[in-house]
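Peer 1: Those protein sequences? They're chains A and B, same order as listed.
Using the working numbering, the first residue of the first sequence is number 3, and each one after it goes up by one.
Using the working numbering, the first residue of the second sequence is number 444, and each one after it goes up by one.
Don't take every hint at face value.
Claimed, not checked - If you anchor each label on the Cβ, the simulated ranges turn out as follows:
hint	chain 1	residue 1	chain 2	residue 2	range
1	B	G688	A	D303	46 to 54 Å
2	B	D708	A	V114	33 to 41 Å
3	A	L48	B	N828	47 to 55 Å
Said to hold, decoys possible - Sample of chain A residues at the chain B side, in silico, Cβ under 7 Å:
hint	residue
4	L57
5	A58
6	I60
7	I62
8	M63
9	S65
10	Q86
11	D270
12	S274
Claimed, not checked - Heads up, simulated DSBU-like pairs for lysine-lysine below, C-alpha to C-alpha not over 35 Å straight-line:
hint	chain 1	residue 1	chain 2	residue 2
13	B	K830	B	K509
14	A	K158	B	K617
15	B	K733	A	K158
16	B	K668	B	K548
17	B	K830	A	K158
18	B	K785	B	K568
19	B	K909	B	K963
20	B	K756	A	K158
21	A	K158	B	K622
22	B	K963	B	K941
23	B	K736	A	K158
24	B	K644	B	K900
25	B	K615	B	K644
26	B	K675	B	K830
27	B	K736	B	K785
28	B	K644	B	K509
29	B	K538	B	K617
30	B	K615	B	K564
31	B	K830	B	K532
32	A	K158	B	K675
If you're looking for bench data, these hints aren't it; they were derived computationally from the structure.
Heads up, the beta-carbon is just placed ideally off N, CA and C, and yes, glycines get one too.
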Amino acid sequence: MTTATVSRWDRFRESFFWYSFKRDKVAIASFIVLLSMVLSAIFAPLLAPTDPYDLAQINIMNSELPPVGMNGADEAFPLGTDAQGRDMLSTILYGTRVSLMIGFGAVLLQAVLGILFGLLAGYLGGKVDSVLMRIADVQLSFSTLMVAIIVGAVFKASFGNLMFGEIAIYMLIFIIGVAEWPQIARTVRASVLAEKKKEYVDAAKVMGFGTGRIMFRHILPNTLSPIFVIATVQIANAIISEAALSFLGLGMPETQPSLGSLIKSGFDYIQSGSWWITLIPGLVLVVLVLVINLLGDWLRDVMNPRLYKG
Amino acid sequence: MKKLVTAFVGSLALATAPAAFSADATKELKMAYDADPVTLDIHEQLSGGILQLSHMTFDPLVRWTKDLGVEPRLAESWERLDDKTVRFKLREGVKFHSGNELTTKDVEFTFNRLKQSQDFKAIFKPFSGINVIDDYTFELVTSEPYPLLLNTATYIFPLDSEFYSGKTEDGKDKDAITKHGSSFASTNLSGTGPYTVTERKQGVRVEFERFDDYWDTESPGNVGKIVMTPIKENNTRVSALLSGGVDFIAPVPPNDLERIRNDKDTQLVTMSGTRIILFHMNQERVEAFKNPKVREAIAYAVNQEGIAAKIMKGFATPAAQMSPAGYQGHNESLTLRFDVAKAQQLMKEAGYEDGFTITMMAPNNRYVNDDKIAQAVAAMLARINIKVDLKTLPKAQYWPEYDNRAADMMMIGWHADTEDSANFYEFLTFCPDAETGSGQYNAGNYCNPEIDALVDKANVETDLDKRAAMLQEVEQRLYDEAAFIPLHWQDLAWASKKNVMIEPVLNVMNFPYLGDLVVK
Numbered sequence: 003m004t005t006a007t008v009s010r011w012d013r014f015r016e017s018f019f020w021y022s023f024k025r026d027k028v029a030i031a032s033f034i035v036l037l038s039m040v041l042s043a044i045f046a047p048l049l050a051p052t053d054p055y056d057l058a059q060i061n062i063m064n065s066e067l068p069p070v071g072m073n074g075a076d077e078a079f080p081l082g083t084d085a086q087g088r089d090m091l092s093t094i095l096y097g098t099r100v101s102l103m104i105g106f107g108a109v110l111l112q113a114v115l116g117i118l119f120g121l122l123a124g125y126l127g128g129k130v131d132s133v134l135m136r137i138a139d140v141q142l143s144f145s146t147l148m149v150a151i152i153v154g155a156v157f158k159a160s161f162g163n164l165m166f167g168e169i170a171i172y173m174l175i176f177i178i179g180v181a182e183w184p185q186i187a188r189t190v191r192a193s194v195l196a197e198k199k200k201e202y203v204d205a206a207k208v209m210g211f212g213t214g215r216i217m218f219r220h221i222l223p224n225t226l227s228p229i230f231v232i233a234t235v236q237i238a239n240a241i242i243s244e245a246a247l248s249f250l251g252l253g254m255p256e257t258q259p260s261l262g263s264l265i266k267s268g269f270d271y272i273q274s275g276s277w278w279i280t281l282i283p284g285l286v287l288v289v290l291v292l293v294i295n296l297l298g299d300w301l302r303d304v305m306n307p308r309l310y311k312g
Numbered sequence: 444m445k446k447l448v449t450a451f452v453g454s455l456a457l458a459t460a461p462a463a464f465s466a467d468a469t470k471e472l473k474m475a476y477d478a479d480p481v482t483l484d485i486h487e488q489l490s491g492g493i494l495q496l497s498h499m500t501f502d503p504l505v506r507w508t509k510d511l512g513v514e515p516r517l518a519e520s521w522e523r524l525d526d527k528t529v530r531f532k533l534r535e536g537v538k539f540h541s542g543n544e545l546t547t548k549d550v551e552f553t554f555n556r557l558k559q560s561q562d563f564k565a566i567f568k569p570f571s572g573i574n575v576i577d578d579y580t581f582e583l584v585t586s587e588p589y590p591l592l593l594n595t596a597t598y599i600f601p602l603d604s605e606f607y608s609g610k611t612e613d614g615k616d617k618d619a620i621t622k623h624g625s626s627f628a629s630t631n632l633s634g635t636g637p638y639t640v641t642e643r644k645q646g647v648r649v650e651f652e653r654f655d656d657y658w659d660t661e662s663p664g665n666v667g668k669i670v671m672t673p674i675k676e677n678n679t680r681v682s683a684l685l686s687g688g689v690d691f692i693a694p695v696p697p698n699d700l701e702r703i704r705n706d707k708d709t710q711l712v713t714m715s716g717t718r719i720i721l722f723h724m725n726q727e728r729v730e731a732f733k734n735p736k737v738r739e740a741i742a743y744a745v746n747q748e749g750i751a752a753k754i755m756k757g758f759a760t761p762a763a764q765m766s767p768a769g770y771q772g773h774n775e776s777l778t779l780r781f782d783v784a785k786a787q788q789l790m791k792e793a794g795y796e797d798g799f800t801i802t803m804m805a806p807n808n809r810y811v812n813d814d815k816i817a818q819a820v821a822a823m824l825a826r827i828n829i830k831v832d833l834k835t836l837p838k839a840q841y842w843p844e845y846d847n848r849a850a851d852m853m854m855i856g857w858h859a860d861t862e863d864s865a866n867f868y869e870f871l872t873f874c875p876d877a878e879t880g881s882g883q884y885n886a887g888n889y890c891n892p893e894i895d896a897l898v899d900k901a902n903v904e905t906d907l908d909k910r911a912a913m914l915q916e917v918e919q920r921l922y923d924e925a926a927f928i929p930l931h932w933q934d935l936a937w938a939s940k941k942n943v944m945i946e947p948v949l950n951v952m953n954f955p956y957l958g959d960l961v962v963k
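Use the sequences and the hints to build the structure in full.
Peer 2: Take a look at the structure:
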């Protein structure tokens, strides 16, 4: 067993993947930034000086303090405080966590739906293909944001605010996940159409394997590279969608802010001196989405067989 | 410098010959409020927004001047006949927008409609009736000697009785008052005021045009057309003024006062206000609020000074009672009682140490920073383990919810219609009674008949010292029982471009007399 792991690690180290990663400074930097953001988000409860979800810890007298280094700053609040007196550093750490959870969660849901429907449509073809792809077409003709706004408003009206606050994060994962699955389904279908004509599929059929087994064990692994690439881009998209929804007041409630709702809450103050309430979470959001996109770009180059020379 | 000289000469000319300017009302004013009027029926709702509309499209019998005196408008003169009766003489030759002429018939119609209006009837409760003498003379009679008769007459904006009589095409009475519904009066309007409504898209824009036959030819106002746009977002509203998109905005958010002062093309007018912002605790919805200890605990948990200093940026006076300084009921001995330890102690004594969950509602475009204040109060209540489910709504949706008493704690701001303390109690703490209209805005369902009786007694007391003592006792007892949670008296701020002379038409009631507005 040990030898197997070692050899797998060795194989990884000798792969083109690792080789190109080592030589691409942008990818390395992006990866380090993303990793540190993900880690600090995961360990937010340990790292954050205060718990921004606990309203009892907020003191209105501390509101709108600037970040350290500016006139009137308080060292207890390194990035300043928002209009209600919440520590910005803690709130951003928790907010990044919420945004990442929604980003990954939504893409996971998209991937499950997209892969399943894409495989079925591509491999079975015929009526199944037509039905599934027409559903995808209909779905794509609505803008994600519009679907999300309608569903969000309905949920908010039917559950009440407090209840909505508790389920908001799952709601957003659901809304964004369901709204965007056709992106992945179409990619998967296209690769499946190309793969299913290859000899190894015929061989598997001749050997008498079942449809499910051929689909998931033989074809799916060969279509994974485009899925990886599109999933990375979709994570960035999901985070942006969530931020947009929260900015419109239909996303995360102000009591459990994500990056989007943080940006919104500071919007009133941006031109009257307290720029940090909007600007800092805004920068964090931009950096987060940028590094994910850069990594996605790099991944596309590596996994594209036409560019792959190793 | 040249500009300044022209401005100076202009204002001089204006001061000497106001009539010369009123002839050509050609200027256009674009203004942005935080919200537009929710209805055109001025008797449907007693609110600042509707009274502002009343002053634009109607005229009152008498109105407040800037220094809180009373000046004649549609009533040319008046005399007190005895301690219960005042005789008014109506101005002759005043025309309504429809072309009908104003007579006492219209005043009588309006008076009776006010007595019907759910919102206004409590103000007119002391009045027993109206005696019409002839076409231009009438008397207002109160059942007891009433010191505030003239103050109340500022709320009589005569309606066009002919216009509002009869049936609509689908058989409804034209004079019906429908709250939050559609009626003839809520979409049509005919008054004597300086402006007519030419176009109205609820929530989008309202267009006013100057009424050609406006009776007040002495008015210096030279604005021919007003376009009112509601802009809910504070930041956007201020930006609209600074970028030149609009000429006049209100309210100005406290965090942008400096920005406007620093801009060389705009001017800022501020006044310390008398509008109290408070929270009611609904005893019918929440059992715990029946316990005075719990209410007191909340009163101790709320940091009024923090809200006034931080959220309002010092642009409000923290309040421990309803009556602002200068009102008869203002009780000097009542102080702010922010003390979290004491609040927690009181919750423990009341047996609610572990707290409970309540719902809270507040408007988000009615009062200055209303939604942020509500958020801050929710955070303060978390310290005594009261978990708050907060919902903030635009005012067009908030008032229907308010009338349904849809949440356990609801925010309201109140400006005393009569510039007198008793008005606060009658609307906000009296036992709710749909019949008389008292307690119409008491969303706490707090009810103490003893206090109500004391206010009623004060209302017929003509000895001002005795009256003040009674009203102050009322304020003291409401404080002791924590009948409500007062927050602050909101200061007022308006801003405009330098060529819009808003200062002379503004007042502490926040009823800009836009008919007299001069634009250079």
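Peer 1: Each hint: holds or not?
Peer 2: Hints, verified against the model:
no.	hint	result
1	G688(B) with D303(A): 46 to 54 Å	holds (47 Å)
2	D708(B) with V114(A): 33 to 41 Å	violated (58 Å)
3	L48(A) with N828(B): 47 to 55 Å	violated (26 Å)
4	L57	holds (3 Å)
5	A58	holds (4 Å)
6	I60	holds (5 Å)
7	I62	holds (4 Å)
8	M63	holds (5 Å)
9	S65	holds (4 Å)
10	Q86	holds (6 Å)
11	D270	holds (5 Å)
12	S274	holds (4 Å)
13	K830(B) with K509(B)	violated (44 Å)
14	K158(A) with K617(B)	violated (38 Å)
15	K733(B) with K158(A)	holds (30 Å)
16	K668(B) with K548(B)	holds (31 Å)
17	K830(B) with K158(A)	holds (19 Å)
18	K785(B) with K568(B)	violated (41 Å)
19	K909(B) with K963(B)	violated (50 Å)
20	K756(B) with K158(A)	holds (33 Å)
21	K158(A) with K622(B)	holds (26 Å)
22	K963(B) with K941(B)	holds (9 Å)
23	K736(B) with K158(A)	holds (34 Å)
24	K644(B) with K900(B)	violated (46 Å)
25	K615(B) with K644(B)	holds (23 Å)
26	K675(B) with K830(B)	holds (28 Å)
27	K736(B) with K785(B)	holds (11 Å)
28	K644(B) with K509(B)	holds (32 Å)
29	K538(B) with K617(B)	holds (20 Å)
30	K615(B) with K564(B)	holds (22 Å)
31	K830(B) with K532(B)	violated (57 Å)
32	K158(A) with K675(B)	holds (21 Å)
Violated hints, in rising order: 2, 3, 13, 14, 18, 19, 24 and 31; the structure is consistent with all others.
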